[in-house]
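Asker: Sequence:
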Amino acid sequence: MLVSAKMYIFANIKFRSSLYKGLQGSGRCPENLIFGELDFTVRDCIPRTCLFAKEGCCLEDVVLKGEVADIIFQNKENGYTVFTVLSQGEEITCVGVVPMVHSGESLEVRGNWSNHPAYGKQLQVQFYEKFMPTSQGGMEKYLCSGLIKGLGPKTSKKIVERFGDAAFYVIEEKPDLLTEIKGITHEKAQRISEIFREQHELRKVMMFLQGFEVSPAYTMRIYKKYKGRTFDIVKTNPYRLADDIFGIGFKMADKMAANAGIAEDDPNRVKAAVKYVLNQAASNGDCFLPKDKLIAEAVALLELHSLMVENAIRELQVESQLWQEKMGEMDGVYLNFYYYAEMAVAKRLLELSMVCEGTDLNTLEEQIQQVEKETAVLLAPEQRQAVMEAMAGGALIITGGPGTGKTTTINTILRLLEKEGKEVVLAAPTGRAAKRMTEATGVEAKTIHRLLGTTFVSDDNRRQVFDKNEDDPIEADVIIIDETSMVDLHLMHALLRAVQNETAVIFVGDMDQLPSVGAGNVLKDMIRSERLRVVRLRHVFRQAQESAIIMNAHRINQGEEPVLNENGTDFFFMRRAYGQEVLTTIQELVKSRLPKYTGHDALAEMQILTPMRKGILGVQSLNQVLQETLNPPSHKKKEKQFRQATFREGDKVMQIKNNYNIVWRSFNKAGKRTDEGLGIYNGDAGRIIKIDEENEILQVLFDDGKVVDYDFTQLEELELAYAITIHKSQGSEYPVVILPVYSGPPMLMTRNLLYTAVTRAKELVVLVGLRETVNGMIANNREIGRYTGLAERIRNLYDFMHEQEVQQ
Numbered sequence: 001m002l003v004s005a006k007m008y009i010f011a012n013i014k015f016r017s018s019l020y021k022g023l024q025g026s027g028r029c030p031e032n033l034i035f036g037e038l039d040f041t042v043r044d045c046i047p048r049t050c051l052f053a054k055e056g057c058c059l060e061d062v063v064l065k066g067e068v069a070d071i072i073f074q075n076k077e078n079g080y081t082v083f084t085v086l087s088q089g090e091e092i093t094c095v096g097v098v099p100m101v102h103s104g105e106s107l108e109v110r111g112n113w114s115n116h117p118a119y120g121k122q123l124q125v126q127f128y129e130k131f132m133p134t135s136q137g138g139m140e141k142y143l144c145s146g147l148i149k150g151l152g153p154k155t156s157k158k159i160v161e162r163f164g165d166a167a168f169y170v171i172e173e174k175p176d177l178l179t180e181i182k183g184i185t186h187e188k189a190q191r192i193s194e195i196f197r198e199q200h201e202l203r204k205v206m207m208f209l210q211g212f213e214v215s216p217a218y219t220m221r222i223y224k225k226y227k228g229r230t231f232d233i234v235k236t237n238p239y240r241l242a243d244d245i246f247g248i249g250f251k252m253a254d255k256m257a258a259n260a261g262i263a264e265d266d267p268n269r270v271k272a273a274v275k276y277v278l279n280q281a282a283s284n285g286d287c288f289l290p291k292d293k294l295i296a297e298a299v300a301l302l303e304l305h306s307l308m309v310e311n312a313i314r315e316l317q318v319e320s321q322l323w324q325e326k327m328g329e330m331d332g333v334y335l336n337f338y339y340y341a342e343m344a345v346a347k348r349l350l351e352l353s354m355v356c357e358g359t360d361l362n363t364l365e366e367q368i369q370q371v372e373k374e375t376a377v378l379l380a381p382e383q384r385q386a387v388m389e390a391m392a393g394g395a396l397i398i399t400g401g402p403g404t405g406k407t408t409t410i411n412t413i414l415r416l417l418e419k420e421g422k423e424v425v426l427a428a429p430t431g432r433a434a435k436r437m438t439e440a441t442g443v444e445a446k447t448i449h450r451l452l453g454t455t456f457v458s459d460d461n462r463r464q465v466f467d468k469n470e471d472d473p474i475e476a477d478v479i480i481i482d483e484t485s486m487v488d489l490h491l492m493h494a495l496l497r498a499v500q501n502e503t504a505v506i507f508v509g510d511m512d513q514l515p516s517v518g519a520g521n522v523l524k525d526m527i528r529s530e531r532l533r534v535v536r537l538r539h540v541f542r543q544a545q546e547s548a549i550i551m552n553a554h555r556i557n558q559g560e561e562p563v564l565n566e567n568g569t570d571f572f573f574m575r576r577a578y579g580q581e582v583l584t585t586i587q588e589l590v591k592s593r594l595p596k597y598t599g600h601d602a603l604a605e606m607q608i609l610t611p612m613r614k615g616i617l618g619v620q621s622l623n624q625v626l627q628e629t630l631n632p633p634s635h636k637k638k639e640k641q642f643r644q645a646t647f648r649e650g651d652k653v654m655q656i657k658n659n660y661n662i663v664w665r666s667f668n669k670a671g672k673r674t675d676e677g678l679g680i681y682n683g684d685a686g687r688i689i690k691i692d693e694e695n696e697i698l699q700v701l702f703d704d705g706k707v708v709d710y711d712f713t714q715l716e717e718l719e720l721a722y723a724i725t726i727h728k729s730q731g732s733e734y735p736v737v738i739l740p741v742y743s744g745p746p747m748l749m750t751r752n753l754l755y756t757a758v759t760r761a762k763e764l765v766v767l768v769g770l771r772e773t774v775n776g777m778i779a780n781n782r783e784i785g786r787y788t789g790l791a792e793r794i795r796n797l798y799d800f801m802h803e804q805e806v807q808q
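My numbering numbers the first residue of the sequence shown as 1 and each following residue consecutively.
In case anyone wonders, no lab produced these hints; they're calculated from the structure.
Keep in mind it's a predicted model, so treat the numbers as computed, not measured.
Any given hint might turn out to be false.
[Unchecked claim] 30 Å max Cα-Cα, derived DSSO-like pairs, lysine-lysine:
id	residue 1	residue 2
1	690	446
2	235	224
3	275	291
4	347	468
5	435	657
6	293	255
7	435	672
8	76	690
9	227	275
10	419	446
11	251	225
12	224	251
13	672	637
14	422	347
15	657	224
16	638	728
[What the hints assert, rightly or not] With beta-carbon atoms standing in for the labels, derived distance ranges:
id	residue 1	residue 2	range
17	71	709	17 to 27 Å
18	363	670	42 to 52 Å
19	465	195	25 to 35 Å
20	260	305	17 to 27 Å
21	361	716	55 to 65 Å
Ideal Cβ placement from N, Cα and C applies to all residues, glycine included.
Given only the sequences and the hints, what does the whole structure look like? Please build it.
Answerer: So, in structure tokens, the structure goes:
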């Protein structure tokens, strides 16, 4: 059998059959053959030919050899480079992650051709190999390319003339000989040698890791972290990379381990798999997993005996990486962070709850009546109770559905606090939610992330640290947090660390909304604990009763069918029997029918929400169709193709991962910069206002006014947002919401999901699809189950503290 492999590389390694099965027919050409349990030596390397994988695997690959002629652009942080290569008399432009490449080097690159709209034909580099210059002219060019600071053309020429073909050997191994050249001191000679050796070391690391199918971008991160230790770490325990290098997970490390010949039952592999399963669970919202479930998932991943997984769990606990605890009738296993975060949040909430001030109820009642006169708004009994509880200080939860007066309650509390001269801080989990809070109260609200501030403490900016904490707390008498259902355990932990003992905290939210994207179900657990002060707003006000959106939301939440298509209603249902009909109807609605009926702009004021990502009515399909409908191609609009997506000027887009380190700016109407900062977060939405091909920049104006420049290498953080999942809509409100209700898996088509979608609309909801699906979602009261222990921890700690008080 012949296999496509890097030229000049020979391998004779034993591989696992399970890994072979995963690669067979995948369309990828492994650097080395993986074939059952056989030892197989790659001896015949045939570029651009692959008999191992499916047909067409590598047929479009281009292999190019030549000398680097010019460096046009280079990002020293991520290694992204635009350069030209002189090959067979032709100068060819190449782009890709090729760190520390310099003029004069010989290069072999492999990649694919692409056509740049401004610069024409370019080679997109996927892999490459450097060769040191061998001619004296190439050596001179290499040395004076800027590689070594202070080494210019004249000195480079002298070195090459003095030592000839041995110039590089002298620099690396015998730097003292360089002092024979006038102008080179002993110190300068050592510095030249040190920089040269570092370049050589990086070159060796790049070539070494390419043999393990690691891309140049990840190679840069690995090298920055480990430097000269890279070889030993990758050969002995590549699973360390999953812990240390952002973006490298268990599966990538496992492939590297297989290539390195590490045994299938290596303890490091088993421990890495256990942590991987727990991290995957956390990304799905779980703070822990039952031990039986964890073992079963790890066994399925590893194809090993369960005893090996149990041993790994035990060892990880000894190493203080895991925590095991009895959770009701199950044994729970936590990653340490989530265990200690739950404990800290429970403890802090109870500590804050105990700091309640005594209030003169008669005086407070008079003050409330005065505010009611000033605002001409009469509070309901539940709202009055919430206001009185809030003015007592400590920690308080105010929860209620749409139309129950949460905003009126907050505004009354703000007026009373203002009269007392208290300093109040408002915050919400997302930019959209903070903007809504500002508009509703007239007081500036920040995102929680911005309130806390962020810095980073690792080479790849992986680990986020908040500036505000117990040593530098938030300066405020009262903190009010809106949309608390969106706050995950990590963010709640960070927030409570930054709250002073004497500061009151009011959490506001709807416990029936979907839980946070991140791990935990914090608001619901706080309420379920039954040990914290909670005021439930249940009364739906008369003005809200005039809205079919609000009344139907409450009907759905109570398991009742919504009232549809009444005259003068703001809640419509359009029956369509087939998926394609649903899709066509949504196109018609956003293109002509709804703009004409409502006067709203389809791009700026309408949002399609869907339960799913895949399928004809999933996010991916809907976005492609709606992009062509609402923002079709035009010679006036620049485009950027990125993987399977086309980004176009004017497109609606959304940030799909937290980026704490990206720079944003804001401007006034005159174009003058008014503010700047760091951080764009998962769920932030905006529009593409500019694509700059020359500088490889895509510029987005977010809904909260922030302007961000994305390097083309960062586009994986964005996706089209004409249609978004209902989960992504949390904390947002849109004038018009369109919701396809056709079919889907029961775990997604739930009452909770439908309720959340409907409550995102301010003026109009349109359901398109099958009435049977609507009724099925209402009947499916399956709660999105999450393994969390916060409610139990609050209860247990509260009961323990009160037992101690009784004994004293």
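Asker: Hey, residue 251 versus residue 225, does the alpha-carbon distance stay inside 30 Å?
Answerer: Holds, because 20 Å separates the two Cα atoms, which is no more than 30 Å.
Asker: Holds or violated: are the alpha carbons of residue 275 and residue 291 at most 30 Å from each other?
Answerer: holds, 13 Å
Asker: Holds or violated: residue 235 with residue 224, Cα cutoff 30 Å?
Answerer: Between residue 235 and residue 224 the Cα gap is close to 17 Å, so the pair holds against 30 Å.
Asker: Verify the proposed pairing of residue 227 with residue 275, using a straight-line Cα cut of 30 Å.
Answerer: With Cα atoms ~25 Å apart, residue 227 and residue 275 stay inside 30 Å; holds.
Asker: Just tell me: holds or violated, for the beta carbon distance of residue 71 and residue 709 against 17 to 27 Å?
Answerer: Given range 17 to 27 Å: holds, Cβ gap about 22 Å.
Asker: If I claimed the Cβ atoms of residue 465 and residue 195 lie 25 to 35 Å apart, would that claim hold in this structure?
Answerer: holds, 32 Å
Asker: Tell me if the straight-line CA distance from residue 638 to residue 728 falls inside 30 Å.
Answerer: OK: residue 638 and residue 728 at ~27 Å, within 30 Å.
Asker: Would you mind confirming whether the straight-line C-alpha gap from residue 435 to residue 657 stays at or under 30 Å?
Answerer: Holds, because 20 Å separates the two Cα atoms, which is no more than 30 Å.
Asker: Compare the distance between the alpha carbons of residue 672 and residue 637 with 30 Å, and conclude whether the hinted pair is satisfied.
Answerer: holds, 25 Å
Asker: Tell me if the beta carbons of residue 363 and residue 670 are separated by a distance inside 42 to 52 Å.
Answerer: holds, 48 Å
Asker: Could you grab the alpha-carbon distance between residue 76 and residue 690 and see if it respects the 30 Å cut-off?
Answerer: holds, 24 Å
Asker: Would you check the hint for residue 657 and residue 224, treating anything up to 30 Å between C-alpha atoms as holding?
Answerer: Holds, at about 23 Å.
Violation of the numbered hints given earlier is absent; every hint is satisfied by the structure.
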